[in-house]
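Once you have looked at the hints, place chain E on chain X.
Residue-level listing of the chains:
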Amino acid sequence: MPSIKKRGASPQWKNVPASLKPLASSVIEAQLPNGLKIRLLPNDAVPTISYYTFFKVGSRNERPGITGISHLFEHMMFNGAKKYGPGQFDRMLESNGGSSNAYTSTDLTVYYEDCMAEALELVIDLEADRMKSLQVTPKMLESERQVVIEERRLRVDNDTLGLMDEELGSTLWKAHPYRWPVIGWMSDIEAITREDCLQYFHTYYAPNNATVFISGDFEPEKTLQLLKKYYGGIKAGPAVPGVIDAEPEQRGERRAQVWHPAQAPSLMVAYRGPKASHPDTLTLDVLQYALAVGQGSRLTKALVFEQEAAVSVSVDWSWRVDPGAFTIHMELKPGADPQKCEEALYRELDKVVKEGLESREVEKACNNLQAQLLRELATNNGRAHALGHYEMMLGTWQEGLALANRYPLITCDDLQKAAAKYLSAHQRSVVTLMPREEAS
Amino acid sequence: MKKVTAKGELRPLKVPQASRWVLSNGLKVHVVRRPQLPLVAVRLLTRAGSAIDPVNQRGLADFTAGLLRRGAAGKPADVINESVEFVGGSLSGWAGEDALGVAVQGPAAHVESLLTVMGEVVMLPDFPEGEIALAKRRTLAQIANDLDDPGSLADRALNRALWGNHAYGHETVGAAADIKKFSRGDLVRFHRQSMGPQVSDLIIVGDVQPDEMYRLVEVAFGEWKGGPAMPPELPATPALERAGEVILVDKPEQTQVQVRIGAKGVSRGHPDAFPISVMSVALGGGFTSRLVSEIRVKRGLSYGAGCHFDSLAAGGAFSVSSFTKTESCSELLTVALEQVALMRQKGPTPREVKAVQRYVSGLYPARLETNESLASAIADIQLYRLPEDWVEKYRERLCAVTAKQAAAAAKKHLFSNERVVVLVGPAAKLEKKVARFGRVSVIKPNELE
Chain X
0 MPSIKKRGAS PQWKNVPASL KPLASSVIEA QLPNGLKIRL LPNDAVPTIS
50 YYTFFKVGSR NERPGITGIS HLFEHMMFNG AKKYGPGQFD RMLESNGGSS
100 NAYTSTDLTV YYEDCMAEAL ELVIDLEADR MKSLQVTPKM LESERQVVIE
150 ERRLRVDNDT LGLMDEELGS TLWKAHPYRW PVIGWMSDIE AITREDCLQY
200 FHTYYAPNNA TVFISGDFEP EKTLQLLKKY YGGIKAGPAV PGVIDAEPEQ
250 RGERRAQVWH PAQAPSLMVA YRGPKASHPD TLTLDVLQYA LAVGQGSRLT
300 KALVFEQEAA VSVSVDWSWR VDPGAFTIHM ELKPGADPQK CEEALYRELD
350 KVVKEGLESR EVEKACNNLQ AQLLRELATN NGRAHALGHY EMMLGTWQEG
400 LALANRYPLI TCDDLQKAAA KYLSAHQRSV VTLMPREEAS
Chain E
0 MKKVTAKGEL RPLKVPQASR WVLSNGLKVH VVRRPQLPLV AVRLLTRAGS
50 AIDPVNQRGL ADFTAGLLRR GAAGKPADVI NESVEFVGGS LSGWAGEDAL
100 GVAVQGPAAH VESLLTVMGE VVMLPDFPEG EIALAKRRTL AQIANDLDDP
150 GSLADRALNR ALWGNHAYGH ETVGAAADIK KFSRGDLVRF HRQSMGPQVS
200 DLIIVGDVQP DEMYRLVEVA FGEWKGGPAM PPELPATPAL ERAGEVILVD
250 KPEQTQVQVR IGAKGVSRGH PDAFPISVMS VALGGGFTSR LVSEIRVKRG
300 LSYGAGCHFD SLAAGGAFSV SSFTKTESCS ELLTVALEQV ALMRQKGPTP
350 REVKAVQRYV SGLYPARLET NESLASAIAD IQLYRLPEDW VEKYRERLCA
400 VTAKQAAAAA KKHLFSNERV VVLVGPAAKL EKKVARFGRV SVIKPNELE
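Chains as they are written, first to last, in numbering that gives the first Met the number 0: chain X, 0 to 439; chain E, 0 to 448.
Isolated chain X, as found in the complex:
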């Protein structure tokens, strides 16, 4: 087997905290000649396996006219390949003690199976089969298109948060593909052709654009042989085309309203942030926790419990490949004045910019981030997903395991500087849900 480049985990995991070193040192990395990257996380605590396949493609790789194709394609991946035809993927998997699902984001398309340990070879066969020889029949495409349209109606068209989120994306970004929703515009979903799908498959679903993470009860050597056996014959694809980030600088606040039948108004305030691999990302992780995780967090305490300006406050700072957004969502009371609630939010954020956070608040946020990192690693599914996500976003999974040691190095000063840099009125986009009576 000269072609499998197997190596022990790299010495980068020296930065990993002592409690995670057993996990870090257990990881086995390999790469097939066709470019498929493999990460094995053997652990026999539970007789199951989680099997993740990360493709580095999402809605950021789309263009107007075929928005939503990444997500529609994710659905098509379950609709039959050469060896296992339509309906067989799930039937084989479930009847052998497993289940499967997938998700699409702006940056990634991620597939996973949870299964009893005995089903590992079947899972490898099923995944390799669809990577090698997915079949996109006109009939299956039409049926799945209807399913996705129904999903869009559920998550966006009949959901106030979905409507706001879609509006926020196209307000925040003018040129970058992040401006359209991952599920796509309705007309594009309706218009995507079989040819679009096939081209998309050949461009993005080659082994050199994929990384497999396997966590659970299995023998690494035997598993590597199986991976080579089933994936080895798949040809590498061309290099994946790059995405140009043509987003211009934002030169002032942007605002949008959504009028929709609702009981209460609602607010989303988003600030342009850095990309995941930027050092400020970790500072914003800490800021996110300090502001909105726990009843004693800054914004929750001030806006929900003291001033009653909101029913709930949450902060979404999701890592992205290209510069993302630090988004605050305030759920308001029926009859609330959204402008006043917005001003209350800005008063709190201004305090953070001008006075910074208390050192105890920063320490608390770090403690919570560290506990959260550990909790993610409690299950086979969590371990495979967390390490995969770290590698996709930060470059290596070792970087992710080292976070527990990195967060405590972030100072109050770093946080105040980051707050001043990112939470500025000129960098903000605001979407207000304006309630109106439902037409009868």
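What the hints contain is simulated information worked out from the structure, not anything from laboratory work. There could be a bad hint or two in this list.
Covered stretches of chain E, going by a simulated chain X footprint (3 or more residues, C-beta under 8 angstroms) [said to hold, decoys possible]: (1) 34 to 41; (2) 124 to 137; (3) 147 to 157; (4) 207 to 221; (5) 283 to 297; (6) 315 to 325; (7) 348 to 359.
When the alpha-carbon atoms are kept at most 20 angstroms apart in a straight line, the in silico EDC-like pairs for lysine to aspartate or glutamate are as follows [stated by the list, open to error]: (8) E:K443 <-> X:D158; (9) X:K20 <-> E:D206; (10) E:K13 <-> E:D206; (11) E:K13 <-> X:D43.
Don't be surprised by glycine CBs; every beta carbon is placed ideally from N, CA and C.
Relative to chain X, chain E alone:
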């Protein structure tokens, strides 16, 4: 390829045995040592769920549970928050139908302080007037906002249609009209009369030593007194009052209809539980179930479809859930009802039975992977008086079900005509079309407050 077959032995579950003891005040304690990660989960369950909400005080159990942490043992909410959240822990309180729960989780190194806080909020809540007033305003706003979610509207309407005036017939969060009238005295009384060590279980799972827990639990909960001596007895659930009806919640601008079909089910721990589970998963459990195949895969009518037996202490419900564009509502209902009828008449095929057994038993160990999920499983065993070997023998019992038993369960426990349909969507477009499924009554969303 060597096919993985449905044969073969189940690998043993590595679930460490719980250490158990009872405090002198009657509190039952269960400790499971799991040293893999330096974390701990603690859960306290007391038999004071929403089913014992007093008349005209719907939501009192859940409201009380949420208020426990907003001031206790003379410490204000901020101090309590800080002591849990500073170390990376979290604390929550809630009511289900049959029990009120309080949970903390966090780093195991801080288990002593976490248990101390938990003891204080459970035993010595202060219920400050200001916090009660604030929580009322927040809860009322939350209920109002929930009415914007079509799925929540459907679930609320179904819940009421299924249980009628029974103790399960209101949401755990309660009803706006009652919440407005809650007073501090109501909370104090509920806490004193309904919560107590003799009707509670404390479960600790994580990187802890049982010996040390023995000492810490005694310190934190040893002084707990009062409350009921016995769990509440609930009346049996009545027959389905609104059988054959269609309840249509009017949302004129929606482009999609939320669909529910509800019927009577069985209570938790029913002797037929495993055969029911097998046929129910075959009907609407996994992605290859009949409902998903017929509704999503074959017809593209919906993104999701499924069915579920919800089993509680005094009764249970069966429900089918899905959604589809307004024009397809009748088609979806027809298909779903046909599939239920077909399963009832003939039961699952032997092949389906095998597949379900493999599917559920293969994934079962993953359901116990976290400290929280194992604590929750132990809590259920206590609450519903399930056999002590419930977790260890779950897969065996499921795999022992025969096709004949599953078919008998389908015949006995799936509805023939005694079902209610709930739809959330534009009444003007739906009312006539769905009349063939039963007498239609149209209601407004705010009737479900």
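We went through each hint and held it up to the structure:
For the region 34 to 41 of chain E, the stated coverage by chain X is satisfied: 4 residues place a CB nearer than 8 angstroms to a CB of that chain, which reaches the threshold of 3. With 3 residues having a Cβ less than 8 angstroms from any Cβ of chain X, the region 124 to 137 of chain E passes the three-residue criterion, so the hint holds. Using a Cβ-Cβ cut-off of 8 angstroms, 3 residues of the region 147 to 157 of chain E lie near chain X, which meets the minimum of three, so the contact claim holds. Residue count for the region 207 to 221 of chain E with a Cβ under 8 angstroms from a Cβ of chain X: 0. That is fewer than the three needed, and the coverage hint is violated.
Taking a C-beta to C-beta cut-off of 8 angstroms, the region 283 to 297 of chain E contributes 7 residues in contact with chain X, enough for the three needed, and the coverage statement holds. Against chain X, the region 315 to 325 of chain E contributes 3 residues with a C-beta closer than 8 angstroms to a partner C-beta. That satisfies the three-residue criterion, and the hint holds. Beta-carbon proximity to chain X at under 8 angstroms applies to 4 residues in the region 348 to 359 of chain E; the threshold of 3 is reached and the given coverage holds. For the given pair, K443 (chain E) sits about 18 angstroms from D158 (chain X) by alpha-carbon distance, which is consistent with the 20 angstroms threshold.
Of the supplied pair hints, the one linking K20 (chain X) and D206 (chain E) holds, its CA atoms being roughly 17 angstroms apart against a limit of 20 angstroms. For the hint linking K13 (chain E) to D206 (chain E), the alpha-carbon distance of about 16 angstroms falls within 20 angstroms, and the restraint holds. With a C-alpha separation of about 10 angstroms, the suggested pair K13 (chain E) and D43 (chain X) falls inside the 20 angstroms cut-off, and the hint holds.
When each numbered hint is compared with the structure, a violation occurs for hint 4 only.
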